[in-house]
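Use the sequences and the hints to build the structure in full.
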Amino acid sequence: MKEFLLTQLRILTRHRFGAFGGIVILLFGVIALFGPVLAPHDPWTSLTSADGRLALLRPPSLEFPLGTTSMGRDILSQMIHATRTTVIIGLSSGLISIIIGANVGLLAGYFGGRLDEVLMRFTDIIYGLPFLPFLIVLISLFGRNIWFVILAICCIVWRTSARVVRAQTLSIRQRQFILAARARGASSGRIIYRHILPNIMPLLLLYTAFNIAWSVLAEAGASFLGFSDPDNLSWGGILYNLWISGKIRVAWWWFAWPSICIILLVSALVFVSRAYEEVANPRLRQR
Amino acid sequence: MEILKVHELKQHFQVSSGFLARVLSRERPGIIKAVDGVSFSLEQGEILGLAGESGCGKSTACLAIAKLREPTGGAISYKGTDISKLTTQGLRDYRRQVQLIFQDPYESLNPRFKVFDLVAEPLRALRLGEPPEIRRQVRETLGKVGLEPLKYEGRYPHELSGGERQRVGIASALVSNPELVIADEPLSMLDVSIRAGILDLIRELSKGMNFSCIYVSHDLSILSNISERLMIMYLGRTMELAPTGEIIRDPLHPYTRALISAVPIPDPAYRRPVPNIRGEVSRPLNPPPGCRFQGRCSEVTDVCTSTSPPLVEAKPGHYVACHQYTRAA
Amino acid sequence: MVLDIKNLSTRYHTSEGVVRAVDGVSLSVGEDQVFGLAGESGCGKSTLIRTVMRLLPGSARVDADELSYEGRDLLSLSDGEYREKILWKGISLVPQSAMNSLNPVYRVGEQVVEAIRAHSRVSRREALEMVGGLFRGVGLQPELVRNYPHELSGGMRQRAMIAMSLALDPRLIIMDEPTTGLDVLVQERILRELKEIRKKKKNAMSILLITHDISVIAEMSDRIGIMYAGRIMEQADALELFREPYHPYTLGLKNAFPSIRQLDRELISIPGAPPNLIGDIPGCVFAFRCPFAVPKCMERRPPDLEVKPNHFVQCIRTDRVEEFRERSGEKETWRSSKSMN
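Chains as they are written, first to last, in our numbering: chain A, 1 to 287; chain B, 1001 to 1329; chain C, 2001 to 2341.
FYI, nobody ran anything at the bench for these hints, they're computed from the structure. Any given hint might turn out to be false.
Subject to a maximum C-alpha distance of 27 Å in a straight line, what follows is the list of computed DSSO-like cross-link-like pairs (lysine-lysine) [what the hints assert, rightly or not]: (1) B:1207 x A:2; (2) B:1144 x C:2331; (3) C:2202 x C:2254; (4) C:2331 x B:1151; (5) A:2 x B:1315; (6) C:2089 x C:2254; (7) C:2202 x C:2085; (8) B:1067 x B:1315; (9) B:1067 x B:1010; (10) B:1151 x B:1067; (11) B:1207 x C:2331; (12) C:2006 x C:2296; (13) C:2199 x C:2085.
Predicted model only: the values in this text are computed from it and were never measured.
Shown next as structure tokens:
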């Protein structure tokens, strides 16, 4: 395990953008973990400023570093809490989707035949599933809950990784060391998870970063349109509040911080995935 | 004692091309008879050489013997048991006892595994022993192939030379103490100056660890050095089978004669005879009836084109599949 | 002399240092002569070929006392001049794994025509006629011109490549591992065809044959050079080299090759591996693997010693050659080595 982490560190630090991406992600991760404890205010309380009045729509100041909303709520505290939500959704969707996608790809690629047919037809069907309508239906039927958002995102995000993992598995399956593993007595399960999986790790990590990035974007989009859990505020949710307040033209600060964070996090994830792309495909490495 | 008996082994593949492919590329659907009647037996402790050019089916036959692919016909029995009727436990035992050494030292080792894990794999996959026991076995086997355990066990394949990698491959094949080892051209991808060392290693270990060996190669020079008996294959069939010295000094089958006269000799003063053979090697697709060699044999007769010659004992211990000898036997 | 090389060195400048792939190589290929260059992987033969054929990457530096073709200096020619005057007309190449370097989507005959027209002013029709004749010359039926590469066997493709190299009647053909990977009967056929071609040609044709297969070298060569780690260890006429080898590496190679005519001979391999070619190696390149090396061997590079007429060796201990020849036949001599291979 320790070796694994060390290797990942080495991969990221080799690549300039990857290192930058890694740091940004780490930052957001720390905020997500410890932030809510350190947030100066409760994100839902309407606050009064030092001069006694309600702090409605205040631009960034010393008192409220990121400004306040039209209801007087501190945007900094909101951002900190929302970071946790966004990171949780992104991470959960990303990881769950990669686990599903990887297993589908591995099993389809290794066993081939009927199983491959069935799994790939299933994947094809899922490809036809539109994200937003599906989410809307879920919410209409079962109510607004953070887990539905995660579910809906997972459903669309696992598809690409499944196809790619299957292609890689097909090519690795032909290689002589897999035949050697069979000759040495390894069962199919052992071959898939002990022999093939380590060889597609760089690809998997690449797609994990990608999946998380997609999840964050999908979540932001859905929340902005109002399809999110009102109890768990996310960056997209903040933007939604901004939108329905009608003050979007006036309060640039309310708009800026969530947007910048979304862009930063997604870019960071994409940079990290580029670092892995170079590992997965050594020909891309800079000399 | 006979350890392996192979009788009329067959491996046929169905080839079906689509309609368009058939029209465009003149490809006919049909059967590829990669292995079409191989018979031999192997004594305990013996090194049998399996010779033939590419496409003769020797590697395919080995896959069937190693139970990595189900044959389409024939019978293989190991220590008296028909291997097509093995239970799950029986198959596990078989895997422990019958192992392979692969040709390409660069491709047959999982690049993500350390040397220790590569050699330990058969023991772990077949669940033979607890970790301390496994560690002991792995280290002992690494020592036997000439790789100092403490120096090599933590390394990855890409850190090793071709010769070292092949030694790891051999260790991996021998760690479970097999009784039959199939070596598929283990030298062909190694530098010439180190081949002798690996060949010696296989020979010594075969005697020391008491395993039988089927050594597959297209290189008759190497086979002449290591094998005690030699079997010549052509287009999926056994053509000749005899002790090595005998087959080289007195080859009976026209194909064997051509092969032997074609082998280059590292001696500029030696004048080789011209091989007596016509045509090019054909693919084992939809072969015509009769002897596989008919299209290239300069001594072909009518019976050769209609009936396939059986493998007969033309001289004591010397088997040939050629109509010239069928009557005599 | 068709090809004259004196003290040729080719160095690659890489991020890890300077790689001396070819380090002071001298050899000459005479008219109507087959020069066999024997060497294992990593000995520098590919680089040597690329140097002569102007196929080196930009990071390579070449310098030599002489590199000339039929007396004409090659080093002073520009790339354009070389391509126009020498390439394919004077010197042509059958590269390694040539049978795999045919474009799968074009017919074989087309590709040969392309090659011909790329290096000469021959019309398409004339070129097509030539190809038919060339194919017949290498033992291929002229009808095969219309086939695609995948429809031909490996041996046939190799012969097509040889036909391509013969197209413009060059004086020198460089062949890099021409029969490696081919079955023994196919190899035998091709080598025999080559001998026939040389006999039938009006103009004398020389071959620089490069391979690790000592048996093929023995059968084909008039003169042999043994290459190791960028240098030529020994060089002599073929019969002479086999009857009276001098260099320990040559002695080691002789023992490493099995022969079906000597069934009970003990095979001995040379322990260790070729050295890393980065940086300067003082002294003899083979010293650390050599069972007969003394400290003096590692001090200075041995000069090319002419031990017999036209027989050159890079070794300072040739005075003990009789003893070495005897001892090299014993396994014990080679066992006491520092590294495992």
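Can you confirm whether the C-alpha distance between residue 1144 (chain B) and residue 2331 (chain C) stays at or below 27 Å? holds, 19 Å
Would you mind confirming whether the straight-line C-alpha gap from residue 2 (chain A) to residue 1315 (chain B) stays at or under 27 Å? Since the Cα atoms of residue 2 (chain A) and residue 1315 (chain B) sit roughly 66 Å apart, the hinted pair is violated (cutoff 27 Å).
Within 27 Å, alpha carbon to alpha carbon, are residue 2089 (chain C) and residue 2254 (chain C)? violated, 36 Å
Need the status of pair residue 2199 (chain C), residue 2085 (chain C): alpha-carbon distance at most 27 Å? holds, 25 Å
Agreement of residue 1207 (chain B) and residue 2331 (chain C) with the hint, judged by alpha carbon distance not exceeding 27 Å: holds, 19 Å
Measure nothing beyond the straight line between the CA atoms of residue 1207 (chain B) and residue 2 (chain A); if it is 27 Å or shorter, mark the hint as holding. violated, 43 Å
Starting from residue 1151 (chain B), check that the Cα of residue 1067 (chain B) is at most 27 Å away, please. This hinted pair is violated, its Cα atoms lying about 34 Å apart.
With a cut-off of 27 Å on the C-alpha distance, tell me whether residue 1067 (chain B) and residue 1315 (chain B) pass. violated, 33 Å
Taken at face value, is the distance from the CA of residue 2254 (chain C) to the CA of residue 2202 (chain C) at most 27 Å? violated, 36 Å
With a cut-off of 27 Å on the C-alpha distance, tell me whether residue 2202 (chain C) and residue 2085 (chain C) pass. holds, 21 Å
Assess, step by step, whether the Cα of residue 2331 (chain C) is no farther than 27 Å from the Cα of residue 1151 (chain B), and give holds or violated. holds, 25 Å
Quickly compare the C-alpha distance for residue 2006 (chain C) and residue 2296 (chain C) to 27 Å and report which way the hint goes. holds, 26 Å
In summary, the numbered hints that this structure violates are 1, 3, 5, 6, 8, 10.
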